[in-house]
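Asker: Protein chains in written order, with the numbering used here: chain A, 1 to 595; chain B, 1 to 333.
No lab work stands behind these hints, which were simulated from the structure alone.
All clues given are correct.
Straight-line Cα separation of at most 25 Å, DSS-like style, residue types lysine-lysine; simulated pairs:
#1 B:LYS139 x B:LYS302
#2 A:LYS421 x A:LYS451
#3 B:LYS99 x B:LYS139
#4 A:LYS240 x B:LYS302
#5 A:LYS411 x A:LYS451
#6 A:LYS149 x B:LYS316
Computed list of chain B residues with no C-beta within reach of chain A, every gap over 10 Å:
#7 VAL85
#8 ASP90
#9 TYR93
#10 ALA97
#11 GLU98
#12 LYS99
#13 ASP136
#14 GLN220
#15 GLY253
#16 ASP296
#17 VAL313
Partial chain B-side listing against chain A, Cβ under 10 Å, derived:
#18 ALA65
#19 ILE267
#20 LEU270
#21 GLU272
#22 PHE284
#23 ASN285
#24 LEU289
#25 TYR320
#26 LEU327
#27 PHE329
#28 PRO330
Positions of the beta carbon are idealized from the N, C-alpha and C atoms, including for glycine.
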Amino acid sequence: MRRKSHLRDSIFLTSLFTIAGILAVFFPLSYFLTTDLTEDNARDYSRQLLGQIKNSIEFYTEEMIMVSEYLAGNPDVLLYLKGENPLVPSSISLYQQRARISAELKAISGTRQDLVNVILFREDGNFVTNRDHVGLTPYWDYREFDWYKETVAAKGLPRLSSSRVENVIAGEHRWVVSLSRAIYDQDHLLGVLLIDLNFKTISDICSNLSGQTGAYVFIQGANDELVYHPQQRLIYSSVKSERFDLIRRSESIESVTSDGIIYSSVKIQSADWVIVSVTDTRQMVQVSPLVVVTYIGIALVFALIALVVSLKASKRLTDPILELKNSMQHFQQGDFDAKAEITVTNEIAELGEQFNTMTLQIKTLVEHERLIEEQKRKSEIQALQSQIRPHFLYNTLESIIWMASSGEQDKVVEMTSSLAKLMRASASKARELVTVQMEIDYVSHYLRIQKMRYQDKLQYEIEIDPGVQHARMLRLTLQPLVENAIYHGIKPLRDGGLILIRAYRAGTELHVDVADNGVGFAPDAQSLSLEASTDEGESIGLHNVHDRIQLLFGKDFGVTVRSAGPGQDLLTESGYDPAAGIRTIVSIRLPLVFE
Amino acid sequence: MHKKIDRLFLFYWPWLLIGLVLSALLTGLFLPLRPRPYPYRIIAVGKASTQGIAFWYSIAEGMAAAAGEFQMTVDYRSPDDESEVDRQIDIVYQAIAEKPDAIILAALDADRLVEPARAARAAGITVVMVDSALADVEKSPQQSFVATNNVLAGQQLGELVIQRVRPGAKILMVSPSTRGDSLIGRETGVRAVIQGTFDVLPTLDTGGQLSDDIYHQVSQALADHPDVEAIVCLNEYTTAGSARAIRGASLTGKVTLVGFDSSEELIDYLEEGLLSAVVIQRPFNMGYLSVARTIDLLNGRKVEPFYDTGSIVITKDNIYTGENQKLLFPFED
Numbered sequence: 001m002r003r004k005s006h007l008r009d010s011i012f013l014t015s016l017f018t019i020a021g022i023l024a025v026f027f028p029l030s031y032f033l034t035t036d037l038t039e040d041n042a043r044d045y046s047r048q049l050l051g052q053i054k055n056s057i058e059f060y061t062e063e064m065i066m067v068s069e070y071l072a073g074n075p076d077v078l079l080y081l082k083g084e085n086p087l088v089p090s091s092i093s094l095y096q097q098r099a100r101i102s103a104e105l106k107a108i109s110g111t112r113q114d115l116v117n118v119i120l121f122r123e124d125g126n127f128v129t130n131r132d133h134v135g136l137t138p139y140w141d142y143r144e145f146d147w148y149k150e151t152v153a154a155k156g157l158p159r160l161s162s163s164r165v166e167n168v169i170a171g172e173h174r175w176v177v178s179l180s181r182a183i184y185d186q187d188h189l190l191g192v193l194l195i196d197l198n199f200k201t202i203s204d205i206c207s208n209l210s211g212q213t214g215a216y217v218f219i220q221g222a223n224d225e226l227v228y229h230p231q232q233r234l235i236y237s238s239v240k241s242e243r244f245d246l247i248r249r250s251e252s253i254e255s256v257t258s259d260g261i262i263y264s265s266v267k268i269q270s271a272d273w274v275i276v277s278v279t280d281t282r283q284m285v286q287v288s289p290l291v292v293v294t295y296i297g298i299a300l301v302f303a304l305i306a307l308v309v310s311l312k313a314s315k316r317l318t319d320p321i322l323e324l325k326n327s328m329q330h331f332q333q334g335d336f337d338a339k340a341e342i343t344v345t346n347e348i349a350e351l352g353e354q355f356n357t358m359t360l361q362i363k364t365l366v367e368h369e370r371l372i373e374e375q376k377r378k379s380e381i382q383a384l385q386s387q388i389r390p391h392f393l394y395n396t397l398e399s400i401i402w403m404a405s406s407g408e409q410d411k412v413v414e415m416t417s418s419l420a421k422l423m424r425a426s427a428s429k430a431r432e433l434v435t436v437q438m439e440i441d442y443v444s445h446y447l448r449i450q451k452m453r454y455q456d457k458l459q460y461e462i463e464i465d466p467g468v469q470h471a472r473m474l475r476l477t478l479q480p481l482v483e484n485a486i487y488h489g490i491k492p493l494r495d496g497g498l499i500l501i502r503a504y505r506a507g508t509e510l511h512v513d514v515a516d517n518g519v520g521f522a523p524d525a526q527s528l529s530l531e532a533s534t535d536e537g538e539s540i541g542l543h544n545v546h547d548r549i550q551l552l553f554g555k556d557f558g559v560t561v562r563s564a565g566p567g568q569d570l571l572t573e574s575g576y577d578p579a580a581g582i583r584t585i586v587s588i589r590l591p592l593v594f595e
Numbered sequence: 001m002h003k004k005i006d007r008l009f010l011f012y013w014p015w016l017l018i019g020l021v022l023s024a025l026l027t028g029l030f031l032p033l034r035p036r037p038y039p040y041r042i043i044a045v046g047k048a049s050t051q052g053i054a055f056w057y058s059i060a061e062g063m064a065a066a067a068g069e070f071q072m073t074v075d076y077r078s079p080d081d082e083s084e085v086d087r088q089i090d091i092v093y094q095a096i097a098e099k100p101d102a103i104i105l106a107a108l109d110a111d112r113l114v115e116p117a118r119a120a121r122a123a124g125i126t127v128v129m130v131d132s133a134l135a136d137v138e139k140s141p142q143q144s145f146v147a148t149n150n151v152l153a154g155q156q157l158g159e160l161v162i163q164r165v166r167p168g169a170k171i172l173m174v175s176p177s178t179r180g181d182s183l184i185g186r187e188t189g190v191r192a193v194i195q196g197t198f199d200v201l202p203t204l205d206t207g208g209q210l211s212d213d214i215y216h217q218v219s220q221a222l223a224d225h226p227d228v229e230a231i232v233c234l235n236e237y238t239t240a241g242s243a244r245a246i247r248g249a250s251l252t253g254k255v256t257l258v259g260f261d262s263s264e265e266l267i268d269y270l271e272e273g274l275l276s277a278v279v280i281q282r283p284f285n286m287g288y289l290s291v292a293r294t295i296d297l298l299n300g301r302k303v304e305p306f307y308d309t310g311s312i313v314i315t316k317d318n319i320y321t322g323e324n325q326k327l328l329f330p331f332e333d
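For reference, chain A alone in the conformation it holds in the complex:
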């Protein structure tokens, strides 16, 4: 199982919540904006609708009133209604009168298809209609009906009924809206005019114009009865209810909104009718599930895209980091060859490269450190090797024994004293670097012992420039050189030789020379390679010294050997008396340091 990446989680969650937040704001905002817009539109639409319906209905009611006014003023009608009145010319029979009026009524209803019945009732029970072959119902006396009584009571003013079933015609029950008007001769009632408008005309206006959307229209008449309602039967039986309290009886359109339902109402001019449009905006918003589905769809698609993108982005970001982390762990566990292989190119890639450079550097440093450590150990071993050899100690002790047995008391003391000092200096745990003076003192003890052993065969001189007395040099480096000069230079000579030790300054360097006038080296040995170690124990001392100097101070320093073999010209170096006959000079070259 891959280790859980907290960084990836936080990147992923951040983008997820950001997007979710944006969606959470965007979605309801657009929804409410749409809703709001829908409600405004619905209100405008309902008012527009109401205006149109009002105009249409007023057209019909006013038409009925116009017809009633025309008939009420028509001389033929008046003559007929007055009936027995003596003023009526007797030449015109009742039959002729009725035929003329009937033709008139037919002419009116003929041009207006929606006028179903036009009936003129005379006070004595005689009547004229616009239709042939119809009779009044035998079961009812129209004078007993409420509409008739109210019309008479209205004293000649037109009365518009609610929607009703016309029941005066025998065998017919048609839904109509009636305009009735009493016709008077001064205070004397002559008769009543009844005009029936097909109710379908009104209901069609209301139902056709509402049609679309969630809107519908109803008409409330006087006395709060319903003239038209698409669901009149449901309201009568209380299955449905209507907010009649929100209706305003005003001649200009007024809108009231309650619980998302817009009630717009207007009173028509010619009658006591109020037309009301009801728009359920809740339903309208609901009616557009497509909008909602679209919103959700868009939101989901965006969310999905965002999800994938944030997954990819976080992966792209965290994968190289994980790679880097893994490499670091390997490195931490000691694998210096651990490398971060990052394929992307960004800051993390740079980080990876820098990590790789760093590991390389650390690797080099560690390697270097290890080398130095190794050399240090080697140097220590070599330093040990540079110490006084047992062979020398044995010889010296032999000499002391010999001196003691020959009673040379003073010499024994001197030699023993020198040996003691030599041993102490050699065994001391002094620092690696000592002053030139200290090193010279040490080698002096050695020379003193050797001189006592070899007597006249060995001469030596020591010459130190005052300026380099306190300069530093590696301890136990001079003695091996002197030893080398004695055993290889002086000892083979029959007449003894001279050793010159010089410490002086050469530019920024300190030179300590050990010169002798001994036998010198063979020509091929002149270029004695100090780098290559030989099997001969003699030169080990020289090699050690050379190595130790180079280890501490670098390749520029070390031991130089110049020698003139047998038969060769003597060395003529500056600073040396040519008369001394110097054949070999071994120089220690060191940087001039004082502390």
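Assemble chain B onto chain A, guided by the hints.
Answerer: Just chain B, lined up with the frame of chain A:
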């Protein structure tokens, strides 16, 4: 590489799920809580054609009004008349084959329609009864029932007889069928009120035929029982047929007729006085509520097992008052 992606999604699927649930919650929050106007397919199977039969015309009208509120339509089907039980069963099976969301059924036979209704339920179709239920309401497959409480309506009819006819008189009861649940209810209601007071003849079952045949059957019954003083009819066309039989036998004014439901013809008889009174139902409301409750059911709402749409007594005097006009004259043109 494929494995890596798989593992990635395995690890992140809970977040995907949370995201989806979140979206769903948001959706639920901002969707109106009211039912969404799914265009459900609803088939209504009535007892008779809407052509010229005011009762079924009004039922279909009410159904259309309710469906219209949800931008839907209801497909009304029926046999031509109430004698065709087999035909109605066929219609139901045919409707089931069309896999609608719901079937609204007015059972011509309370027992024989149980099986087709069960088949509909088994096919995952919602079944709501209108006007006439299935037998044994407790175990029947119907999910709701919208109708006149026929027992109460029958009692109203019985009260009319008590108000108009002298106690002990011989009474003829005419029913188009003794199998329909609504008719059984009405008969029960009538008998509960008049049984002890009057001499009630065995119910004349006219076998679902239309008026002409009923005219002959009732005329025969009147001939057989010349001392009948009142006729109680349990539906519209038995009332019409009986009215014609009374007129045919010149017994107007001598035999009191009370009936059920209305038509243009019956209103004429009411105005004339040949028909004394009728108990009418509210078929428009019945149709409306049956569809409204069906949509409720489809939307997962709980509905009552029974809705009573009520019944009204109509006499000559209240024909032209407010609601009654609308009930008695459903055709606007």
